[in-house]
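Colleague: Sequence:
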Amino acid sequence: MKPVGQARPGFPCWVSLTARSLQAAQEFYTAVLGWTWRPTGMDEEFRTALFGGAPVAGVGELANSLRGAVAWTPFFAVTDADATAARIHERGGTVGVGPLPFGPGRRAALASDPDGAVFGFWEGEALPGWPSGPDTAPAWLELRTRDAFAAALFYGEVFGWAVPESTCSVEYENDEVIVREAGRKLAVVRGGAVEQAPDPRVRPRWYVHFRVPDVTAAVAAARAAGGTVALAPTASPTGREATLRDPDGGLFTVTAA
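To convert, take the position in the sequence shown, counting from 1, and add 381; that gives this note's numbering.
For the record, the hints were derived by calculation from the structure and aren't laboratory data.
One or more of the hints may lead you astray.
Claimed, not checked - Between beta-carbon pairs, the in silico distance windows are:
| hint | residue 1 | residue 2 | range |
| --- | --- | --- | --- |
| 1 | Ala-563 | Gly-434 | 21 to 31 Å |
| 2 | Asp-528 | Ala-601 | 34 to 44 Å |
| 3 | Glu-538 | Glu-408 | 39 to 49 Å |
| 4 | Leu-431 | Thr-609 | 21 to 31 Å |
| 5 | His-470 | Ala-605 | 41 to 51 Å |
Using N, Cα and C, we set each Cβ at its ideal position, and we do this for glycine too.
Sequences are here, hints too, so could you generate the full structure?
Modeller: Structure follows, in structure tokens:
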């Protein structure tokens with residue numbers, strides 16, 4: 382498999398937020414997560430969030446003509462966006478937007494898996510060295526879905542996690558499907574009960590986790606900045622965590638560093 386910039390095909394390569402107000406989103410996430418910001422070079426309505434000088438995430442402002450949901454979305458690197466879109470369709474998923482051009486040699490698309498969890502994929506040069514994984518990186522991914530095995534099969538076939546030339550391994554541990562590369566966790570897939578309830582934990586979706594030194598302090602800062610708590614601080618297999626909602630409704634999880 383040919384590398385995509387610094388990101389390997391099939392690997393998480395970025396997370397982004399679509400916000401109603403770029404300025405308001407910057408103020409909220411600076412207050413809660415201590416981020417600083419720089420232009421992306423793609424558009425005035427996009428910014429790259431930094432933590433400790435390292436890139437963590439991207440934030441863009443929804444066009445006034447669009448009424449899409451405010452949401453954090455993970456992106457996976459691919460070598461061929463059209464071929465990836467075809468595999469998604471073949472396996473029961475949906476490609477809702479794109480692939481669309483994002484500068485020379487870059488294309489991106491938004492899709493959903495058969496259970497409705499939204500994700501993106503990116504063709505072309507990715508941000509070098511973007512860190513992902515629950516062990517030490519500032520950002521990592523978790524899919525909470527109906528059937529962890531079925532989801533792992535879908536994503537594994539779409540992104541080639543289990544093909545012989547891949548450096549990924551897909552393992553089942555403690556009721557979770559874990560995707561690893563060289564022993565480092567890249568993503569976790571968890572299954573659970575299917576219920577029609579407002580609890581965000583039961584709706585199939587990708588969750589973006591950001592590591593913080595103090596979960597309680599992050600929760601307090603989110604409340605003070607106009608956010609809400611979707612899931613109060615609790616213990617998890619990866620440590621203490623809480624799921625928060627920003628003032629526009631974007632869900633994200635903070636996990637103890």
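Colleague: Each hint: holds or not?
Modeller: Hints, verified against the model:
1. The hinted range of 21 to 31 Å is satisfied by Ala-563 and Gly-434, whose Cβ atoms lie roughly 25 Å apart.
2. The beta-carbon spacing between Asp-528 and Ala-601, approximately 36 Å, falls within the hinted interval of 34 to 44 Å.
3. Between Glu-538 and Glu-408 the beta carbon distance is about 41 Å. The supplied range of 39 to 49 Å therefore holds.
4. Checked against the given bound of 21 to 31 Å, the beta carbons of Leu-431 and Thr-609, roughly 25 Å apart, stay inside it.
5. At about 45 Å, the beta-carbon gap between His-470 and Ala-605 stays in the expected band of 41 to 51 Å.
The structure shown violates none of the earlier numbered hints.
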